[in-house]
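Asker: What follows is each chain in one-letter form.
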Amino acid sequence: MQRIGVFVCHCGTNIAGTVDTKAVAEALGREQCVVFATDYTYMCSESGQNLIKDTIKNEKLTGVVVCSCSPRMHETTFRKAAASVGLNPYMVEIANIREQCSWIHKDKVEATEKAIILGRAAIAKVLLNTPLTAGESPVVKRALVIGGGIAGIQTALDIAEAGFEVDIVEKKPTIGGKMTQIDKTFPTLDCAACILTPKMVDCAQNEKIKIYSYSEVDSVSGFVGNFTVKIKRKARFVDETKCTGCGLCTEKCPMKNVPNEFNLGMDNRRAIYIPFAQAVPKVATIDPDHCNMLKNGKCGVCSKVCTAGAIDYKQTDTFVEEKYGAIVVATGFNPIDVSKYGEYAYDQSKDVITSLEFERLTNAAGPTSGTLLRPSDGKHPHTIVFVQCVGSRCTPERGKQYCSKICCMYTAKHAMLTREKYPDTEVYVFYIDVRTPGKNFDEFYRRAVEDYGVHYIKGAVGKVSPQADGTLDVQASDLIMNEQLHIKADLVVLAAAIEPDKSARPLATKLTASMDTNDFFTEAHPKLRPVESPTAGIFLSGVCQGPKDIPETVSQASACAAKVIGLLVKDKLTCNPCVAHSNEMMCNGCSQCANVCPYGAITYVEKEFRMPDRTTKVRRVASVNPAVCQGCGACTVTCPSGAMDLFGFSNNQIMAEVDAICK
Amino acid sequence: MQMSENEKFVPTIVAFCCNWCSYAGADLSGTNRLQYPANVKIIRVPCSCRVNPMFILRAFQRGADGVILCGCHPGDCHYTSGNFYARRRMTLLFSMLDYLGIERNRTRVEWVSAAEGAKFAATMNSFAEEITKLGPNRRLEDLRCKK
Amino acid sequence: MKYIAKSDLNLFLAAAAKAMKVYVPVDNTSGKADYKLWSEGTVVSGALHTTRSAKDFFFPQTENLVEFKIDHKKIDIIDPREERENFAIFGVRACDVRSFDILDRVFLSEPVDTYYKNRREHSLIISMSCDHPHETCFCSAFGIDSSEPAGDVVFTTAAEGYYVSAKTEKGEKFLADIGYAFEEKDESGAEEAKAKTKEIMARLPLAKLETSAFGAGKTKEFFNRPEWSELSEACLGCGTCTFVCPTCQCYDIRDFKTNTGVRRFRCWDSCMYSDFTKMAGGNPRLTQKERFRQRFMHKLVYYPENNDGIFGCVGCGRCLASCPIHMNIVKVMKKLTEESK
Amino acid sequence: MQEITVKETMVKRAKELLADGTVTRVIGWKAGEFAYDSTPAVFESAEEIDKDFVYDGFCAANVSKYLVKESAKEGKILAFLKPCDTFSLNQLTAEHRVNRDNIYVIGIPCEGKADVNKIKSSGIDGITGIEEDGDNYVVKTVYGDSTVAKADVTADRCLTCKSKHHVVYDELIGEDGEDNPDCGRFDLVKKLEEMTSEERFEFWRGELSRCIRCNACRNVCPACTCEQCVFDNPNSGVAQKAAADSFEEKNFHIIRAFHVAGRCTDCGECSRVCPEHIPLHLLNRKFIKDIDELYGDYTAGTDTESRHPLTSYTFGDAEPSVVHERGVE
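Chains as they are written, first to last, in the numbering used here: chain A, 1 to 663; chain B, 1 to 147; chain C, 1 to 341; chain D, 1 to 329.
Don't read these hints as lab results, they were simulated from the structure.
Since the model is a prediction, treat every value here as computed from it, not as a measurement.
All C-beta atoms in this analysis are idealised placements derived from N, C-alpha and C, irrespective of residue type, glycine included.
Fair warning: there could be bad hints in the mix.
For the chain B half of the interface with chain A, some residues (derived, Cβ under 8 angstroms), not all of them [to be verified]:
#1 41
#2 46
#3 49
#4 62
#5 78
#6 80
#7 132
#8 134
#9 135
#10 143
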């Protein structure tokens, strides 16, 4: 037989003003299993809590109901009080007779009546409560950062700074990401490499940070605080530990005509290469698709010239398995493929390029060593047309529905820099809107227009047609002048929309992290938890969560690091005990619950059961990982057999409340 | 259902509220002293997706005249997708009740955020009014549960 | 002999209805018949059977036994029984009339089931002979003559009307009380009708169904027969056969929590249900085979064993017509006696 | 005489597959007493097959549900599945309720099954035998013979058959059929939707009040394969053995339908087996119709991968208020 104690709070006059608390205590005192009921001015006060504690001890209470303010206010307070005298905190229930009774009703009779009913409901529920103990799981004090762009780098550095081990997994031979390919950064126009490469070097030198370049995440298991990740280290046929990065091999390699991805194929590299001068790690990599030695066993020049003896044609993919407490996703973005937009003639003319290609054309390390020359004939372009929103802000059929956010600003940058270096060049920018929210952004754009005389034209480019004389006829409409334009351009630059890296979707599946329809990772809460994935222990850094410019990316990267550090400093994680659990005897193993679980907390096991007739039967049953489950209850309703139930909000508890209320 | 002394019909109304948005919204309408009828009683659930159709039928069986489910606005669910599932389940359930000839207005779903205290009170007022108009639940009652 | 034209039937029922409530079979929307309270304008169904047998009148599917009123910590016990007034059931077929005897032997033997007794004593059975039996009928196998049903008052069906006779004092009194002016006709017509029915009965496909192999004392012989597995393999474990059966008498007792206390009621149970014999210590009948066997062993062996050799089946054929997978007592009997033939 | 030849092929293949050891058992139908009352049965030898195996216009039972039990046993079982049965099997496979590897499926053609109740309600009874004669059945009875057109006695569920296409099989007998989008299976649902709320209430009260809670509808349903049904589980809070109140009649059928919503393949077994002839499939079809209209056409069992509509969502789903806005009050 249970022994319930009921405590009715006056909250000064907040409750007592409209609710006859004495009457409530008396009425509830007559309920079954209630052995003690009283009212008091302030339940949450020191003495109020003592009253509860003493009664629990003296009356040997098995459950407590506090009729007071919202549980969102003092549930924890009263639970702590109960726990302090040895009553399981989850044997305490709150009846909200302030926010949801005394404060919203004027008639005292009515309000008192309602308070009694709310109290009954709480009693009915507490009678079905079961003592719950929050589970604990250890935290591996090591983080994994997937993606070595500026986002990943910043997050890794901040975590390492706090004294935790961090590993970076980067699928390219070097870290650095997109920012390495950018020439200058808006709105300050300082050189990207100059601000990025020091950070890359820091990563390499920080003994807390381990870089797995030219590697990919193969599989992920485990849960928050306790992930096991298998990392695939692709064979680069060069021993990282021996290679000094002298670069001799990359000069001697006879395979000269391999398109150089770093310069977006606008020049060539060798079959063995170091992506760029400041690469980290500065180690050569052999491109197996082009290396004659690997393809037909002929050549071997690089190994002959390598004094360090780092070349190893026999090298194969290897796998390392590491344990991590937290995983950061920083997979970044790519410009979309613009060749699908035939009207811009990207495939027809070398002089129609993307903005990223433009960056390379203006970069000292680029194919033209920084002088802006037309890819087709190497001449200086005198008229350049920039086209905005190529694939952004489109219908789903045509492209991306979202705004890529960075294009307006980098285009202003391109236009400005062009006019500065080559004043004799006419620059046109076709835009839908110019979006410049951000510190010093609009000023920057205004300078482009006012000081540098860039022609901003609100309108869309209808067609780009390559002409016999090598120029491009740009047909466009000026929406403000309301006229059709024909511009004889030498170069057309397309501000291609950006999209999440293709590796993100399969990665999300491995992490059981949710994604939106655009393949951007969804955050745990759009406003309040923007750098965490709903899947506990998975954090989001940079553009993988949504379009961002560099400053935003860096700030999010640091915010993300802060969250990771907050997790890693803990030795143990106490899990919310109000989680789902499945009754294996009733489970059908139908997988419906796993389908609706947003956290991937439900897995299935083939389990042997001893049947009543002494035979054994192997059945597929669901098992919930309490460390991952967040207790939403979606699974409990999806389960047709009712095998799935939720601690703290069980079917029977909720129905008991319903009964008590409808009585 | 209960009849007050002058035999004016006072419906019994059960409101299931998700802990993160609607229950907080209800608290806020309390903090702002926004009135709504005392015959509306709230049951706190972690998420709108925790509400099983059986709970709603149970409420009617036990004497409720109207049942309303409140959750976070679509897209704002604390658990990211819970209210999306709740939305489909309730749509189908309500449609079925209607199909069986049970007054469709006895059931409702509203999305109320933690900031919408006013909306919560307004919703409860309009719902209570609606149910009072409809009168006692006769078509989904269980005579054994009548006084 | 008393005679009434089919066209006058409603006049008789009207007269009867003055004396007591009269229940008659009435066609429902699904083309089947149920018993309904007769009132002016009610059309009596021509169907051979009602889907649910007449046992409902004495042993309803659910029935309140006692109620506990709980007021906070105070509990009152309330007996829901009220004295029942007399009522008549019209058009009961010979098989169903026999089923009442079978139920009586269970419910009226000590300790007497007062709920059942109460209803039984207030009832008047107006039976009706069959003139158009179905292929599923096999009452004759259990020595029932569908042309001569038992009952308080018997309606013998002829082409144009019914020959009416009272079989019991209760019946005599009833006919006298309602004072309906029947026509007078000589027996011959009745005898003709009976003969005709007997002749059809003999031609029914199940007329020759053999029961001699079964009965008291046959437990050992049949209990462990291998055929049970094959017979029961398709059984869905639903309760259809038991619930349409006029002689099945098993029930469960359950509590229902009302808003004011607890209502203890009984409701039909089925030995085909997996939880039928579930006890604290487990369940002795673990597979459908055992449950299935139980049902037929009860009808064909156990019941006769405890009731002077009378079988627990009346051959009404309801289960043959309604089993979802068409497994039934006839198939069971034939299978179990196949070899011995 | 198409059915006969089909039956012969079935018998032939069954024996061959037993002989070459592909399967150890065969599930099909076994002849009954009156030509219309065949029973699902498992055959283990050619002899048993010769003795009792039958396939005709009255073999209506959907045997897919038996495969839950049968496919868990040692050795492979041969299952003869009608088009509608294949949907059920797929759904069971999707939910891991059957072991597909233990099942050899032969898809068999179905021209629509006869409903003996239709024959009987046409005044014919005392049936001693039924013979096929082209488009007719010749019914022999103790009261003389009579002829009925097959079309007139085809089961209602077959008159609105959604598909004669087999969605899963290892081999087929005869030509595979096609989906029939214009089967008009929602016509009755529409009719009910067009009634007033009161009319609908009266209609369903009339139907559901006849329910005797025999659980035939649940136990025959290939989607109802729960280890323990909530209505049988004393701890579920909703357990009940009989409808002790009109509420429980509705409650049972609403929950039964809801639990299979999105998973019901519309095989129509529930209505076929109801001893009270309650049109239970109209409840399931209401859910199917709503799902099709609100979330896009979806037929459970079409494949074994896709998530059913109640375990998925889109941001722009209809709000529950659509229920209040549409139809007549």
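Asker: Holds or violated: the hint that residue 80(B) contacts chain A, with Cβ atoms closer than 8 angstroms.
Answerer: holds, 5 angstroms
Asker: Go through the hint on residue 134(B) and say holds or violated, using the shortest Cβ distance to chain A against 8 angstroms.
Answerer: violated, 16 angstroms
Asker: Using Cβ atoms only, decide whether residue 143(B) comes closer than 8 angstroms to chain A, and label the hint accordingly.
Answerer: With a minimum Cβ separation of about 14 angstroms from chain A (threshold 8 angstroms), the hint on residue 143(B) is violated.
Asker: Would the hint on residue 46(B) be counted as holding, given a Cβ-Cβ threshold of 8 angstroms to chain A?
Answerer: The hint holds - residue 46(B) has a Cβ within 8 angstroms of chain A, the shortest such distance being about 6 angstroms.
Asker: Against chain A, with CB atoms and a cut of 8 angstroms, does the hint on residue 49(B) hold up?
Answerer: holds, 4 angstroms
Asker: Tell me if the interface restraint on residue 135(B) is satisfied: Cβ within less than 8 angstroms of some Cβ in chain A.
Answerer: violated, 17 angstroms
Asker: Does residue 78(B) meet its interface restraint, that is, does its C-beta lie within less than 8 angstroms of any C-beta in chain A?
Answerer: holds, 7 angstroms
Asker: Given a cut of 8 angstroms on the nearest C-beta pair, is the interface hint for residue 132(B) held or broken against chain A?
Answerer: It is violated, given that the least Cβ distance between residue 132(B) and chain A is near 15 angstroms, above 8 angstroms.
Asker: Quick check on the hint: residue 62(B) CB to chain A CB, less than 8 angstroms?
Answerer: holds, 4 angstroms
Asker: Taking the closest Cβ pair, is residue 41(B) under 8 angstroms from chain A?
Answerer: holds, 4 angstroms
Hint violations for this structure: numbers 7, 8, 9, 10, all remaining hints satisfied.
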